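Colleague: With chain A fixed as given, assemble chain B onto it according to the hints.
Quick note, the sequences are listed as chains A and B, same order. If you're matching positions, the first sequence starts at 12 in this note's numbering and goes up one per residue. If you're matching positions, the second sequence starts at 26 in this note's numbering and goes up one per residue.
Bear in mind the hints are in silico, worked out from the structure with no lab data behind them. Everything numeric in this text was worked out from a predicted model, so none of it was measured. Quick reminder that beta carbons are idealized off the backbone N, C-alpha and C, glycines included. Treat each hint with caution, since some may be false.
[What the hints assert, rightly or not] Cut-off 16 Å, straight-line C-alpha distance, at most; resulting in silico cross-link-like pairs (EDC-like, lysine to aspartate or glutamate):
#, chain 1, residue 1, chain 2, residue 2
1, A, K402, A, D328
2, A, K742, B, E189
3, A, K732, B, E109
4, B, K95, A, D43
[Unchecked claim] Listed below are several chain B residues computed to face chain A (Cβ distance under 7 Å; list not exhaustive):
#, residue
5, T99
6, P163
7, C165
8, G166
9, R201
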Amino acid sequence: MAYMHIGKDFVPPDVPGKVTGRIKYAEDYTRDGMVYARLLTSPIPHARVLDIDASAALAMDGVVGILTADDVYPDGEPQSTGLKILTNEPTLVGEPILALAAVDEKTAETALAAITVTFERLPFVIDPLDSLAEGGPDAYNGGNTFVFRQGFVQEKWTSDQVASFRAGNEPSAEAPTELSYGDLDASFSDAAFVYENTFTTAGYPHMSMEPRSALAYWEDGKLYLHGGSQSLTAFADGIAGIIGVAKEDLVFVNAATGGGFGQRARAGSVPVYGVPAKLSQKINRPVMMRVTREEEFTIGGARQGFQGWIKLGFRSDGTMAAADLWIVSDNGGKGGGGDAFSATNAISIVYQAEAVRLRGVSIGSNTAHRGAQRGPGENQIAAIVSPILDKAADELGIDRLEIRKVNTPQNGDVGGIQRQPFTSAYMPEALEQTAQLFDWEGRQSRRRQRNGSKITGLGIGQGYHNAGRSGMDGIVMMGADGRLKVHNGVGNLGTYSYASTSRAAAEVLKMPWESCDIVTGRTDLHLPITSPQDGSNSIFTNTRTFWGAAQDMLAKMKEIAASDLGGNADDYDVSNERVHQIVDESVGYSFAQVAQRAMELGGKYTGESELPEDLAEWTQIAVSRLAGSGFMGVYHDPAHSGNPPGFAVTAVEIELDVETGKVEVIDISSVADSGTIVHPQGMKNQLVGGAVWAIGLSVLERHLYDPQNGLPASTGFWQSKIPTYLDAPAKIETGWVDLPDPENPVGARGIGEPAMGSVSAAINAAISDALDGHIFNATPVTTDMIINHVAGISEEWVPLAQNNFRG
Amino acid sequence: MNPKLTRRRFIKGVIASGAAVTTTTMWYVANGQDRPAGYVERLIRINVNGQVRNVDVAPQETLASTLRYKLGLTGTKLGCNRGECGACTVLVDGTATYACSVLTHSVKTGMIETVEGLESANGDLHPVQQAFVESLSPQCGYCTPGQVMAAVALLRTNPNPTREEARQGMSGNLCRCGSYDSYLDGVMRAAEIG
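Chain A with its partners taken away, still in its complex shape (with noise of 0.2 Å):
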């Protein structure tokens, strides 16, 4: 299909802003009178605040008050694993106590240090799989992991139990959660091939580059939160719930963000803005509150690491015949998340086996908080099957490539542990655009081919996600200039699919970019909600609900034109910012003489009456607002059907230095299957940061904890290392399949997260491959593990180990 804007490249509106320094993250903003708060955090893992003696600290000159857990729930601390805004019982270093606000940062810094706070100290621990042993330290109060609707419950394990896993073998405890679909055994019996081992995954933070600092003020009863999140509107609605604000009551400023990737998607994994929010309601001042890059560590979040066991069953052709895992999930000392049963679901999904099973349970550790994190399951487990793929292929005497071939998922085939049908899959044509793009085959020659001490290895993975959700809203408005305004909540992450949503809209009325705005960056612009922006869902979401506002304007404007000019509202049509006769062109009105016509009519034209039905609260407060004031296209998007899968292939070239242990990644291919591509460069962003986000999982990011006290050990870039440019290669070659979604009205899918799941996978295999096969079971492959492998030394001289050195 020809289109005006889908598929081309434009400038979205906030990069000259972002290269010019002029655009403004939370911190770069001040207000009259504002106040510097700092926060007391908790120096032990797991404790309980028996006292805090502040005193000397409010005595102090230019010290303006402080905020306590007390003062923040004042009937009690809710108890789920969930982040607190501030507490008396913390579960990991560095979680928030208490905040102080004064006249500068340093007063505020020598005031904290007159505090004295009496804590209890508790039991606590670093490694779930202690936890679970009978006599094992919790990393809760009232037990170590905590269960919907019930509360916080004990899991124990005998201690036998605990050994023979960590010996590699398939756990013996009943499983608190089962999930499965076909007959395992009869699968299984199916099988050539059968490997089965444990495995382990790293939990790692997000890092994002900017510290969750926020401004706080409150005026004529409304708060002003300025802050940074993946979500404009979505975030907001969430926010309000916890600073415990009414929705038309709040204004969150949020014109950019310095990276999510999971973290900043929902309120939930934020809390720690009500401070400032709080704080300043308390003491009637503006308050700004800078998070240092250590406080980010802490409470910004991380992957939950997998302490898991699998066995995957092959027929003789190549095809997975069953999958079955038990995973330990690593809850952290708050938060959590449900990637083991992503993971399942996208072993399902990418190959397609007949039969899955999934046990698991989630335990907590006294570590960073946990939650989503870019691809979370889906990810971590990709860079653990790839290799056993390989083993698999070679076992069988299948080509590696082709043994993806005959298990990928395509169109017409349902996935999942709900087995649901996809919406479109182009997984096979992938998987041929890459080995065309790398050479896949012209390549083979280098494998394992020795270089002095390095060898070279090659890798071909598979990534996904689901990548779209629907029942959003959307609005667009338009002004007597005639220009079309997209009301646009979907928050700017930086993958500008703010902007490539709302050109959806400019899409059906045909207008040029040059005379569209998008209204978006606070929400007292008046913006309608969205689904958080996660997931990789705002592509498909947002140029539904786009697309669906732009098609009530349509709509409108062509009967407003029939009934003034006459004819029926089928007889026009819409070109070069007029709406006029197909017939005749001369016949119509310009958009601006529309507008202005809608404005004189009033009612539906205006967003007075005639509204859709289900308009979420956050957006009946926008339109509310809005109604009136120009010409409103408003729409509630209804639910689709099926799974819109985001699907990634990749393709690695390493050479991997059996005397440093160094993996360095030479070349990367990627190719997207993520429908109709909407914004190429935007695409290219996602596939390339994907690249980089996948060599920080494969090979070098971990939480590392001091086992004797509980103390973080990685909490900044350099502890923790980041991908850096000389981690990546110079040029990552990426490409896309580029066919159309049914699903979508512009043919569209997600890919943010499946673009580093395939990297991932790749970089393993292609680990595994210079190895001659050697199957770490792990992610990072670190030097240190392929060090000891090559000397003959375990790498894992602590069996299964998380939040620690394993090799």
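Modeller: Structure of chain B alone, referenced to chain A:
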């Protein structure tokens, strides 16, 4: 002490005269006192983006703090505040420098350039900025000002780098979005149009 010489009047007078060093020194002379041991002149003049700015700088104050919180130049970002990420990169006498890790007093005689000083007087973007726009180099954008300044420094010393040289030259700046490939596209494009 002269009762009319309040701190506020003193600072206002310094700003008005643009003669901080002389005036402060004269205070001690006028009062017959030697400057105390460890004394650091707080009221200094620094050249930022070609403009001389008078500013009150504490002895332990970093250049990033001065730029952001005293001069309102918030384009210089703080990602780690400990010399790990490069988001605060500025140029001091043409050299890419982590503004979080140098004291303002230690560079007060230098020519300081920040991202705000790159556009031409008529508002045209610097070639690096223009190239970064055309290449859609930024993602979240938080590291972008630092990447821009690192690229400017690189291209001044090596106007036509190879991609590998650019990769090495930019490697002091982290990007958590992983947009390195697009930043390198931008650097190479800037070399073309620069």
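Colleague: Among the hints numbered above, which are violated by the structure, and what are their numbers in rising order?
Modeller: none
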